[in-house]
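Residue numbers (this note's numbering), protein chains in the order written: chain A, 695 to 1029; chain B, 695 to 1029.
Hint data in this document are derived by calculation from the structure and do not stem from the laboratory.
Mixed in with the good hints, there may be bad ones.
As the list claims (entries may be wrong) - Straight-line alpha carbon distances no greater than 20 Å define the calculated SDA-like cross-link-like pairs of lysine to any residue that follow:
hint : chain 1 : residue 1 : chain 2 : residue 2
1    : A       : K811      : A       : F728
2    : B       : K721      : A       : K827
3    : B       : K827      : B       : T737
4    : B       : K827      : A       : G826
5    : A       : K698      : A       : H832
6    : B       : K1004     : B       : K827
7    : A       : K827      : B       : G828
8    : A       : K827      : B       : K808
9    : B       : K742      : A       : A730
10   : A       : K855      : B       : A730
11   : B       : K742      : A       : L738
12   : A       : K780      : B       : T729
13   : A       : K808      : A       : E798
14   : B       : K699      : A       : L1024
15   : A       : K742      : B       : C816
16   : A       : K742      : B       : D883
17   : B       : K742      : B       : G857
18   : A       : K827      : B       : K827
19   : A       : K855      : A       : E713
20   : A       : K1004     : B       : L738
21   : B       : K808      : B       : I715
22   : A       : K780      : B       : L738
23   : B       : K855      : A       : A730
24   : A       : K811      : A       : Y987
25   : B       : K855      : B       : L953
26   : A       : K808      : A       : R756
27   : A       : K1004     : B       : A730
28   : A       : K742      : B       : P726
29   : A       : K742      : B       : T737
30   : A       : K698      : B       : G828
31   : A       : K827      : A       : K811
Stated by the list, open to error - Just some of the chain A residues that point at chain B, by a computed CB distance under 10 Å:
hint : residue
32   : A706
33   : G707
34   : M777
35   : E801
36   : G814
37   : G846
38   : S936
39   : Q937
40   : L979
Positions of the beta carbon are idealized from the N, C-alpha and C atoms, including for glycine.
Number of protein chains: 2
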Amino acid sequence: MSEKKVTLAHGAGGRQTSELIHSVFQKHFANPYFTADDAATLTLPGSKIAMTTDGFIVSPYRFPGGNIGKLSICGTVNDLACMGAKPLYMTCSFIIEEGFPLDELEEIAAAMEKTAKEAGVCIVAGDTKVAGKGQADHVFITTTGVGALTEGVSLSGAFAKPGDKVIVTGDVGRHGCTILLAREELGIDAEVTSDCAPLWGLVEAMLAKTHDIHVLRDATRGGVGTVLYEIAAQSSVGVEISQADVPVDPAVRGVCGLLGLDPLYLANEGTMVVVAPPAEAEMLLDVLHAQPYGKNAALIGEITSANVGKVVMATEIGTRTLLPQPGGELLPRIC
Amino acid sequence: MSEKKVTLAHGAGGRQTSELIHSVFQKHFANPYFTADDAATLTLPGSKIAMTTDGFIVSPYRFPGGNIGKLSICGTVNDLACMGAKPLYMTCSFIIEEGFPLDELEEIAAAMEKTAKEAGVCIVAGDTKVAGKGQADHVFITTTGVGALTEGVSLSGAFAKPGDKVIVTGDVGRHGCTILLAREELGIDAEVTSDCAPLWGLVEAMLAKTHDIHVLRDATRGGVGTVLYEIAAQSSVGVEISQADVPVDPAVRGVCGLLGLDPLYLANEGTMVVVAPPAEAEMLLDVLHAQPYGKNAALIGEITSANVGKVVMATEIGTRTLLPQPGGELLPRIC
Chain A
695 MSEKKVTLAH GAGGRQTSEL IHSVFQKHFA NPYFTADDAA TLTLPGSKIA
745 MTTDGFIVSP YRFPGGNIGK LSICGTVNDL ACMGAKPLYM TCSFIIEEGF
795 PLDELEEIAA AMEKTAKEAG VCIVAGDTKV AGKGQADHVF ITTTGVGALT
845 EGVSLSGAFA KPGDKVIVTG DVGRHGCTIL LAREELGIDA EVTSDCAPLW
895 GLVEAMLAKT HDIHVLRDAT RGGVGTVLYE IAAQSSVGVE ISQADVPVDP
945 AVRGVCGLLG LDPLYLANEG TMVVVAPPAE AEMLLDVLHA QPYGKNAALI
995 GEITSANVGK VVMATEIGTR TLLPQPGGEL LPRIC
Chain B
695 MSEKKVTLAH GAGGRQTSEL IHSVFQKHFA NPYFTADDAA TLTLPGSKIA
745 MTTDGFIVSP YRFPGGNIGK LSICGTVNDL ACMGAKPLYM TCSFIIEEGF
795 PLDELEEIAA AMEKTAKEAG VCIVAGDTKV AGKGQADHVF ITTTGVGALT
845 EGVSLSGAFA KPGDKVIVTG DVGRHGCTIL LAREELGIDA EVTSDCAPLW
895 GLVEAMLAKT HDIHVLRDAT RGGVGTVLYE IAAQSSVGVE ISQADVPVDP
945 AVRGVCGLLG LDPLYLANEG TMVVVAPPAE AEMLLDVLHA QPYGKNAALI
995 GEITSANVGK VVMATEIGTR TLLPQPGGEL LPRIC
């Protein structure tokens, strides 16, 4: 086993930086576009693109179901997918704490490449900076993605219409719950795995059947509850959901019960909210159920003209309640 | 004066994150492309693009001649410019330490917008993460840029040819020297200002006159010396430069003399190495001298078929010496 560690010289731009790039990043990210120059030169299939960026500082950087590398690809792929854009090219920028083990960096790079391949995206350029011991916490990654917008598809948080159905593509709260447990401060032992997954395949399958979808949004930080409030505000509509219809993994439900948490406000990294006209809803559910990352998809509610800007939930005990306004999450560094 | 500070809630993805985005980032980065959705949707003038990313962790984050915000725009704009790509769109991802003053964050955002405007680039999407106190050092920024490749221009570190002339677009070592002095550990008081500047205007002016340029490379971490070694290796050529012809600001020369440093190995953030056929060299120098960021441009040497992979320097005392192989920089977190 290698005991080699990242040093400040690895971030100095000279020989050691080149060696790190060759031995870790180029080895894993090998593709015809990966650049040795200042920028990658790329060809796009059309002139309409989507572009997005996300920084990842998840702690711990390894967790059941993934690591910061896998997460950094999924997060950006999913943001592109939410715009109906086929992910094409990505860049990644590493900020590494001095002393970080090289073999763990390689493990992260390997996870990135595996996930990028699954998502059909090429990592074309990168950057490596090294901060002194105690000036960064292990490793931070920022990924940026460019995707080709699908012709005739127009998605936005502002496009929800009264009568539209609200679907979640999977059970909710798994990533947030996983990180909570992985911190080991709680002493709770539960079998929970992050939902972290690249979702372009799932979106592509839906768009192959219909372009009549109004909103796609991945429910990351803040969870499904926050996303529903965002949609309510952006579209000037209300949202009404049924608590009994929200899919929650039994282990996640157990942990949430113990800690008094609502899985609707725990982060997901492989679960989207879909808002679509009622005529499309059943068909979309069928499409989702046939996909590996959509098998737990469920219709959880609908868009209303009443209660503009608010999210109302019919509870399991038959009452109606306002979902709490999203605030600060209880757990920092979830992604 | 505001005493407000960044809190963990600002990075949690809920209401406080929205407020931060509105009050700081949207306020400064207002443009038609800036997105409230998961990704910005953009139109490109053609299908050939360049894409690059860079993380910035410079310490201190404010220095004479700029701050981390200005630097984060210049670094990425200049990487695109080095490929002959007109910078069009940028994303920025912030990793902020809990407790960072909001008014300083705003100062950084203002510098980014000012520099982006000068460079003709739009900031279209961003991300904000907050790390706990002591888990990041003040603020880190990763920017990613997409630019339109200029038709008929083909630039690469691999395209240098024996006989080509080597030009630097400005005096060397100012950024590295500035950061060194800004750390205040040395107690040296010298009037040195970072060369930090967006260089697309300078490249555009050169490309308007000729497409017959072989290499453009901005001499950031590792300085001009490292870039020349990179070109020597990528192009399988030698490089010969004349020490007397390398422009160095007198204050930088003084500091380097005191500390035994070579300005050729200090970082620049607004200075490029240009390699071009001899027939173009004088004309390019004229073009550069007419530009605000090129007025100190100088022809410093040429590409040789001898000494493949090496950089030879004719010294001011008439001897010839091998420029030292680039290694780790003496100063971490220079950019």
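The hints, checked one at a time:
1. K811/A / F728/A: With Cα atoms ~14 Å apart, K811/A and F728/A stay inside 20 Å; holds.
2. K721/B / K827/A: Between K721/B and K827/A the Cα gap is close to 35 Å, so the pair fails against 20 Å, i.e. violated.
3. K827/B / T737/B: Given pair K827/B, T737/B is violated - Cα atoms ~40 Å apart, limit 20 Å.
4. K827/B / G826/A: Roughly 15 Å between the alpha carbons, so the hint for K827/B and G826/A holds.
5. K698/A / H832/A: This hinted pair holds, its Cα atoms lying about 15 Å apart.
6. K1004/B / K827/B: Distance ~45 Å between K1004/B and K827/B Cα, so the pair is violated.
7. K827/A / G828/B: 11 Å, holds
8. K827/A / K808/B: 33 Å, violated
9. K742/B / A730/A: 18 Å, holds
10. K855/A / A730/B: 18 Å, holds
11. K742/B / L738/A: 6 Å, holds
12. K780/A / T729/B: 18 Å, holds
13. K808/A / E798/A: 15 Å, holds
14. K699/B / L1024/A: 19 Å, holds
15. K742/A / C816/B: 16 Å, holds
16. K742/A / D883/B: 52 Å, violated
17. K742/B / G857/B: This hinted pair is violated, its Cα atoms lying about 30 Å apart.
18. K827/A / K827/B: 14 Å, holds
19. K855/A / E713/A: 54 Å, violated
20. K1004/A / L738/B: 37 Å, violated
21. K808/B / I715/B: 18 Å, holds
22. K780/A / L738/B: 16 Å, holds
23. K855/B / A730/A: With Cα atoms ~18 Å apart, K855/B and A730/A stay inside 20 Å; holds.
24. K811/A / Y987/A: The given pair, whose Cα atoms are some 16 Å apart, holds under the 20 Å limit.
25. K855/B / L953/B: 35 Å, violated
26. K808/A / R756/A: Given pair K808/A, R756/A holds - Cα atoms ~16 Å apart, limit 20 Å.
27. K1004/A / A730/B: With Cα atoms ~19 Å apart, K1004/A and A730/B stay inside 20 Å; holds.
28. K742/A / P726/B: 15 Å, holds
29. K742/A / T737/B: Holds, because 5 Å separates the two Cα atoms, which is no more than 20 Å.
30. K698/A / G828/B: Violated. K698/A to G828/B sits at ~25 Å, over the 20 Å cutoff.
31. K827/A / K811/A: 33 Å, violated
32. A706: 4 Å, holds
33. G707: 3 Å, holds
34. M777: Holds, about 5 Å.
35. E801: Since chain B brings no Cβ nearer than about 20 Å to E801/A, farther than 10 Å, the hint is violated.
36. G814: 16 Å, violated
37. G846: 13 Å, violated
38. S936: 23 Å, violated
39. Q937: With Cβ-Cβ at 20 Å, over 10 Å, it is violated.
40. L979: This hint is violated: L979/A lies away from chain B, its Cβ roughly 22 Å from the closest one there, beyond 10 Å.
In this structure, the hints that do not hold are numbers 2, 3, 6, 8, 16, 17, 19, 20, 25, 30, 31, 35, 36, 37, 38, 39, 40, in rising order.
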